[in-house]
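Protein chains: 4
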Amino acid sequence: MNKTTIKEIKKVKLNKPILIEGLPGIGLVGKLVADLMIDELKGERIADIYSDYFPHQVIMRKSGIIKDTKNEFYLVKRKQGDLLILVGNIQTLTSESQYEVNREIIKYFKKNKGQLIITLGGYGTGNPIEQPKIFGAATDKNVIDTYSKFGIEFGKTRGAIIGAAGLLLSLGRIEKLPGLCIMGETHGGYVDANAAKKMIEILSKMLDIKLSTKKLDKKVSENKKLLEKLREQMEKQPISGGEDLNLSYIR
Amino acid sequence: MNKTTIKEIKKVKLNKPILIEGLPGIGLVGKLVADLMIDELKGERIADIYSDYFPHQVIMRKSGIIKDTKNEFYLVKRKQGDLLILVGNIQTLTSESQYEVNREIIKYFKKNKGQLIITLGGYGTGNPIEQPKIFGAATDKNVIDTYSKFGIEFGKTRGAIIGAAGLLLSLGRIEKLPGLCIMGETHGGYVDANAAKKMIEILSKMLDIKLSTKKLDKKVSENKKLLEKLREQMEKQPISGGEDLNLSYIR
Amino acid sequence: MNKTTIKEIKKVKLNKPILIEGLPGIGLVGKLVADLMIDELKGERIADIYSDYFPHQVIMRKSGIIKDTKNEFYLVKRKQGDLLILVGNIQTLTSESQYEVNREIIKYFKKNKGQLIITLGGYGTGNPIEQPKIFGAATDKNVIDTYSKFGIEFGKTRGAIIGAAGLLLSLGRIEKLPGLCIMGETHGGYVDANAAKKMIEILSKMLDIKLSTKKLDKKVSENKKLLEKLREQMEKQPISGGEDLNLSYIR
Amino acid sequence: MNKTTIKEIKKVKLNKPILIEGLPGIGLVGKLVADLMIDELKGERIADIYSDYFPHQVIMRKSGIIKDTKNEFYLVKRKQGDLLILVGNIQTLTSESQYEVNREIIKYFKKNKGQLIITLGGYGTGNPIEQPKIFGAATDKNVIDTYSKFGIEFGKTRGAIIGAAGLLLSLGRIEKLPGLCIMGETHGGYVDANAAKKMIEILSKMLDIKLSTKKLDKKVSENKKLLEKLREQMEKQPISGGEDLNLSYIR
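Chains as they are written, first to last, in the working numbering: chain A, 541 to 791; chain B, 541 to 791; chain C, 541 to 791; chain D, 541 to 791.
Please keep in mind that the hints were generated in silico from the structure rather than gathered at the bench. Do not take every clue at face value.
A pair counts as met if it fits within one copy or between any two copies, since identical chains are not told apart.
Unchecked claim - Keeping only pairs whose Cα atoms sit at most 25 Å apart, straight-line, the calculated DSS-like set for lysine-lysine is:
1) K556 with K619
2) K543 with K647
3) K650 with K553
4) K547 with K651
5) K610 with K764
6) K547 with K650
7) K647 with K617
8) K647 with K547
9) K745 with K758
10) K610 with K543
11) K602 with K681
12) K602 with K716
13) K547 with K681
14) K765 with K689
15) K681 with K607
16) K607 with K696
17) K765 with K547
18) K553 with K651
19) K547 with K754
20) K543 with K651
21) K610 with K650
22) K610 with K696
Given the structure is predicted, the values throughout are model-derived calculations rather than measurements.
Extracted from the complex, chain A is given alone in its bound form:
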């Protein structure tokens, strides 16, 4: 029995949508970017994802009215293809539930004539980074050929892409949906507005949209201070081991 449901709030006919996933992950880079996109492009909430695998709780709001635990799809209508932005405060924790939730997302996207999947994430290096690179991993060579020109570096990263950012690509590919994961290089131990800003620059070019990053700027300058602190600490600290030094244990 399936324990995950996508409930449509509004019936809309989508125009060749691109899925953009920005659920919580390393450095919250993807979430910062997706939330800003919805805000700046005035995305409209069109569907909710409910799952029995999400935490068994509701959120209390200032209004006194409870908020369900869920993920949400926002729509940005565009002539050259809609943007369908997936956001939320949570991902499920187990393999079984991750597969189920992401498979439902793919089903919903496929049904709506989806064209391309872009998942957003952070690539944690454990090092404080001022000029973050934007890395990529794709479902096939065509995607790499099309998008590497925008400044995304493919094939430079190692290891695994965990959660929705990885699984949506894998499950999408089975359904012949091309996709790529864009990762902002980040320390991994704090919310990284700087990596998010860099990612927005590249996404803007890729998707041919205009996005002000003003709302991120305050956070970016806070990040800068945090970064300087981290570096100072690392200089003072007697070197006891490479791993400790670059704080990679935070991830």
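With chain A fixed as given, assemble chains B, C and D onto it according to the hints.
The following block gives chains B, C and D in isolation, referenced to the frame of chain A:
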């Protein structure tokens, strides 16, 4: 396959029932209140909830006869609408099982022409409190408008309502059932009869019932002593950090 | 989908069987007793229980041939009613799986015209005990009335009966099967042949069978030495708290 | 609902295949052997195993293209019976999922007229070993009689065979498929190319194939150095207990 079953002990036709949930939670505030209501209003057990997600054990009783692990519904017949009180010694632990059990409860309540869901809980502050407030969170604005006049403060709390107290509201709302969670302000680290007493006062007005709190009074005075001890300790203790001071780690 | 199967090795018509459960539990009292019964009464293996919830492994044997992970039913034919003895090296660990496995056992027993369920266990007290009592807990008053005369003390124990020993009674009662759990008083921290011996005396009377306990005697004398050691330790040890003293933390 | 799928990449008619399982296990002995067999015998990938119980992630590759999380079947065509080699980087972790995945493998193998199951593993002793023995455990006596002549020692090992190496035999036997587990004696605390080499010698005779172990030789000499270090350490270390000494805790 569903692993949760509600077994009716007695076929009764319910009269526009209000569901009152008092399963174990923070400070056991809800449980104290619900148990007292059943006791004072002579509630009759009409149904049991069995679930394969409850602990795999039975309880030994003085009579030598075993007691099943379950939750129970008690009925209080009233002209102006019945009270259906949900109690027990346990809640399940995982998301998946919480969703299943609470969905079954909503189904059963809906089938019995349920009108309103009131869940009872504690709002843990980590501070010893003598004059506890009663906070609320609701499924919609109508509910707030109707019940705030009884002294329930809506919109003053933050964070999540975990377990049945939250999920019954969320799953009920999907079925168009209005509801609210009433939370007694409490320390969170001990059973709080004082918060329970305050909650009973407000519930009595809300539901237009008379409830003696005599049986709680002994516990209340015990609570008072505990409270004084806690305060003394906090005064003596050299301040090492706000978090430690208000004992919020107990929750 | 059900992940537990009972496979019959041999089609036998059972004669009003009594189920005797002796799976691993506190002090292994039940297991010692059940294994001895099979041995002494020349029980024949008639069915195996397989479950996907048992450990995912096979056992290596001296013969070089692997043994499956399973529980087993042994049959002792008797004019006055057969004995169906349930043994094995494992119980499953989660609530969900315990309910499933024990429900399958009840189904199988019911189908075979089962009359009574006797589950065997230990009641851990944390104290070294030389003259163990045999405690009981039953599904209803009739059972208590019938069996208390054999020296089983009902209603003297508190807490929960965990696993098959408890759940078989609870799930059996739903199917109108009477049952009782017999618990040998035991320390709880070691395999207790002494409690097993006492339990066999009582079971022999209850079931009108003859059982030599010779094979347990060596273990009983080993137990005695262990017991003396424990007592010495406890006398030497400066008393720091009741709980520590009676070693109840071992359970 | 089944959460495991075997996807055929290529429809091939198999000729009386022998299944050879080399998934990760103790000392990675089985994996080293199976990977080498595929390499040396030019095995062709014919099917993939996907499971919702595998980690919810994808692997990043140098090409920039993601790799799914899965297990794989490779085929080596032979007149005297094909070899179907099962490899991968992971096994699932829970009983339930192990049973499901291995049952799917047996189903697939049965459908393809499978004749024999050979699972490869390590038998961890906690001792550094230079001349490893090859142990065996089988589904029945026929298998022992047929294969003991190749230098496999049956009935010399104790304990459990965990995971696919054990479960494939157990689940295969239910379907009348004979099988054996071949275990290279190994320390258990490191990747053991030496045990793998010995296992290949024996497998070559058993299966009448020729396998160069050249590619393992570098690893074997690295192993030798590691072994010497371990022995030195053990000599220096004051003896504090047998268990510590032979490092069996590493397993």
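Against the structure, the hints:
no.: 1; hint: K556 with K619; in the structure: within (9 Å within a copy, 52 Å between copies)
no.: 2; hint: K543 with K647; in the structure: both (15 Å within a copy, 16 Å between copies)
no.: 3; hint: K650 with K553; in the structure: within (13 Å within a copy, 34 Å between copies)
no.: 4; hint: K547 with K651; in the structure: both (14 Å within a copy, 23 Å between copies)
no.: 5; hint: K610 with K764; in the structure: neither (33 Å within a copy, 41 Å between copies)
no.: 6; hint: K547 with K650; in the structure: both (15 Å within a copy, 21 Å between copies)
no.: 7; hint: K647 with K617; in the structure: within (20 Å within a copy, 38 Å between copies)
no.: 8; hint: K647 with K547; in the structure: both (13 Å within a copy, 19 Å between copies)
no.: 9; hint: K745 with K758; in the structure: within (23 Å within a copy, 49 Å between copies)
no.: 10; hint: K610 with K543; in the structure: both (13 Å within a copy, 23 Å between copies)
no.: 11; hint: K602 with K681; in the structure: between (48 Å within a copy, 12 Å between copies)
no.: 12; hint: K602 with K716; in the structure: between (44 Å within a copy, 22 Å between copies)
no.: 13; hint: K547 with K681; in the structure: between (34 Å within a copy, 22 Å between copies)
no.: 14; hint: K765 with K689; in the structure: neither (32 Å within a copy, 48 Å between copies)
no.: 15; hint: K681 with K607; in the structure: between (42 Å within a copy, 13 Å between copies)
no.: 16; hint: K607 with K696; in the structure: between (41 Å within a copy, 15 Å between copies)
no.: 17; hint: K765 with K547; in the structure: neither (42 Å within a copy, 51 Å between copies)
no.: 18; hint: K553 with K651; in the structure: within (11 Å within a copy, 36 Å between copies)
no.: 19; hint: K547 with K754; in the structure: neither (33 Å within a copy, 48 Å between copies)
no.: 20; hint: K543 with K651; in the structure: both (19 Å within a copy, 22 Å between copies)
no.: 21; hint: K610 with K650; in the structure: both (21 Å within a copy, 23 Å between copies)
no.: 22; hint: K610 with K696; in the structure: between (34 Å within a copy, 23 Å between copies)
Taken one by one, the earlier hints fail for this structure at numbers 5, 14, 17 and 19, listed in ascending order.
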